[in-house]
Amino acid sequence: MERKDQTITFLVNNKPDVLARIAGVFSARSFNIESISANITMNPEITKIIIVTRGDTATVTKIKNQTKKLVDILEVSHLKEKSSLQREMILVKVKLTNENRGKVMEIIKDYNCRLITLEANHCVLEATGNKNEVKNILKRLERLGIEDLSRSGILAL
Amino acid sequence: MKLKGPQIFTKTLREEGVEIIFGFPGGAVLDIYDQIYKENFPHILVRHEQGAAHAADGYARSSGKVGVCLVTSGPGATNTVTGIATAYMDSVPMVIFTGQVTSPTIGTDAFQEADITGITRPCTKHNFLVRNIEDLAKTIKEAFYIARSGRPGPVLVDLPKDIMQSETEYKESNSLKLSFTEPKYLPDAKQLQQALELIKKAKRPLLLVGGGIILGRATNELKEFAEKTKIPVTATLMGLGAFPGTHPLWLGMPGMHGTYYANMAICNCDLMITIGTRFSDRVTGKTSTFASNAKIIHIDIDAASINKNVLADIPIISDAKSALQEMNQSLDQDHFAVNEEENKKWLDQIAEWKAYAPLTSYSEGDKIKPQKVIETLYKLTKGEAIIATEVGQNQMWSALYYHFDYPNTFLSSGGLGTMGYGFPAAIGAQVAFPDKTVVDIAGDGSIQMNIQELATAVNYKLPVKIVILNNGYLGMVRQWQELFYEKRYSHSDISQIPDFVKLAEAYGAVGLRATKPEEVEPTLKKGLNIPNTVVMDFHVEREEGVFPMVKPGTSLSETKLKKEELS
Ligand SMILES: Cc1ncc(C[n+]2csc(CCOP(=O)(O)OP(=O)(O)O)c2C)c(N)n1
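From first to last, the protein sequence lines stand for chains R and Z. With the first letter of the first sequence counted as 1, position 82 gets the number 82 in the working numbering; the numbers rise by one all the way through. With the first letter of the second sequence counted as 1, position 111 gets the number 111 in the working numbering; the numbers rise by one all the way through.
Hints in this document: simulated from the structure, not taken from any laboratory. Errors might be hidden in some of the hints.
To be verified - Once the Cα atoms are required to be at most 25 Å apart in a straight line, the calculated BS3-like pairs of lysine-lysine come out as:
id, chain 1, residue 1, chain 2, residue 2
1, R, Lys15, Z, Lys138
2, Z, Lys138, R, Lys64
3, R, Lys69, Z, Lys171
4, Z, Lys201, R, Lys69
5, Z, Lys308, R, Lys69
6, R, Lys69, Z, Lys184
7, R, Lys64, R, Lys15
All chains should be built: construct the whole structure from the sequences, respecting the hints.
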């Protein structure tokens, strides 16, 4: 079966240790975590954790069944690529020179990025998008010189 | 009423119906021990915390109640880890209380500090660190609830010393609201119907059952179902006792050291009804060829066990009892009757396999045969003893040659395969059943892993019987080295062993020895009749092997009956 990115969301009690327990299931069963994001929901007692892993649908079923057994897990769902919305955010520090300044501004405009700081030799920009958009932005910026980069985990609905 | 931690501790335990604690004291739990002293709360002092965990486990497996142990922080807690992992792998309901350093010093590498909730996260069903005295009663209640509900398992509660020393207004804990609701594990009606259709059509059906039948107290329902449908039954190591070992439909255990006929039945059945087993690799052999001619109905309380190792055609998430009850009812309503002709053909075929390779086919000579010791033990105890085993050849011979008719009478570390399990587990069972015959069948290697518990057994006048099948080897390791490593017996010769008779006497137990075949029965008779802890040392044929055997990684169809067929 096809191995690809699979997005799984967990609604859990906002208690210490829950993330460690989920991560423990992944490591004990030899599944890798490609990306993770977590924060409270509208109910501050409940946290939503979104994990992207690589595998086929059987892998997802195994993860779901194993994690559902954990005491503080309220709900586990698999988000299908087609019917879900996926975004991630990046913060990129880009080198600025006389030659590339125009091109950087062009990218900012093309992808609706936000310019967070602008200094003489570099700028920091923020962008959000789906996997492809982020990939494209990074590809274009890379040629111009990325000095630092942070990516958030995937957010999904 | 304001109560301190230790008072809440004993009060809640009593409310949970706890009759006994297995434990070992230390700094972090002295307050609790003081309370135990004041109240004279029933407690068994072991000699090593691993012994406490296994004893609580043996108590739980034999009685069906939750086993409880109490140990101190740091080394006390880490010493229980093997026992916890053993219970986890075999789904045994247990609650383990560990002391912890004071809350402000947690995380500072304080004296005798260990992150025991971190260490045991992968081998407990759940664990708790109690952070407030107000949470204590509720946490203990939740721990017991989690340990015994659904697929049971061990739950650890870590108790920081300062929290236990503080006090709070105590509320009767039956008024506490747990964060959990009782889950339902009833079978899906449609899937059950589909399963019944398959059962009615099957020509060569087979039941493969596991520990889930015993944990789910479904043995009567299983017997009714098998007899109604006339389907032969095989049970995994953990399932021994789930179906009477003397029943005509009984096939013995399947798998790596399973009976020839159970393995042949698996290879040739056209429908396999599996209940309460997780398809361990020790059972399936090479999974791609496992029951390859059969449709598989898999009933289990744990959804994660279904389709994990073997794909099921009909997966049913349910507890064993409900599923079997509903199937039995359905068959009654349908006036179900088997196709006599097909059924006879199938049972005849099985009888043929049985006749070709019966279990009794081992050869006897002038040395004691380990198989014979167990057969004689079976005869003398009329199959009514509780048998604990260690791990290795002793375990497999026990599984094959002691025919278990009753549930909760075979205590063995199936999942983790823990040497040193049997003796403390036998102590736990003897505590639960003071009047029953409880025997630990041991290897000379395994018994040395928790031999210190002889002091515990003698101390509490627990008449546990230890039957050592003494071959001077780590026998099972030697067998693998003989078969797969051209007899290079690397570090498996342990003939430098203590004199077990003297050792027993040193501990205040009784020691007996048998070195000749004709001494087996008299020694066992004598040992079983002595109302003390008895160590019986049987010097057996050194290089005896466990057969049948399926070479690891091969298919059950390649079950070998003797070593010459294996090399
Ligand atoms: C704690 C532990 N360590 C190592 C093993 C690996 N092991 C499995 S069987 C065995 C040999 C057991 O020897 P003995 O207790 O003498 O029993 P026998 O096989 O001779 O009956 C060993 C070392 C184990 N199962 N458990």
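Hint-by-hint comparison with the structure:
1. Distance check on the hinted pair: Lys15 (chain R) and Lys138 (chain Z) sit about 16 Å apart at the alpha-carbon level, within 25 Å; holds.
2. Distance check on the hinted pair: Lys138 (chain Z) and Lys64 (chain R) sit about 28 Å apart at the alpha-carbon level, beyond 25 Å; violated.
3. The straight-line distance between the Cα atoms of Lys69 (chain R) and Lys171 (chain Z) is roughly 30 Å, outside the 25 Å bound, and the hint therefore fails.
4. Annotation: proposed proximity of Lys201 (chain Z) to Lys69 (chain R) is violated, straight-line Cα distance about 35 Å (limit 25 Å).
5. With a C-alpha separation of about 14 Å, the suggested pairing of Lys308 (chain Z) with Lys69 (chain R) holds against the 25 Å cut-off.
6. Our distance criterion of 25 Å between C-alpha atoms is met by Lys69 (chain R) and Lys184 (chain Z), whose separation comes to about 14 Å.
7. Taking the CA atoms of Lys64 (chain R) and Lys15 (chain R), the gap is about 20 Å. The hint holds against a cut of 25 Å.
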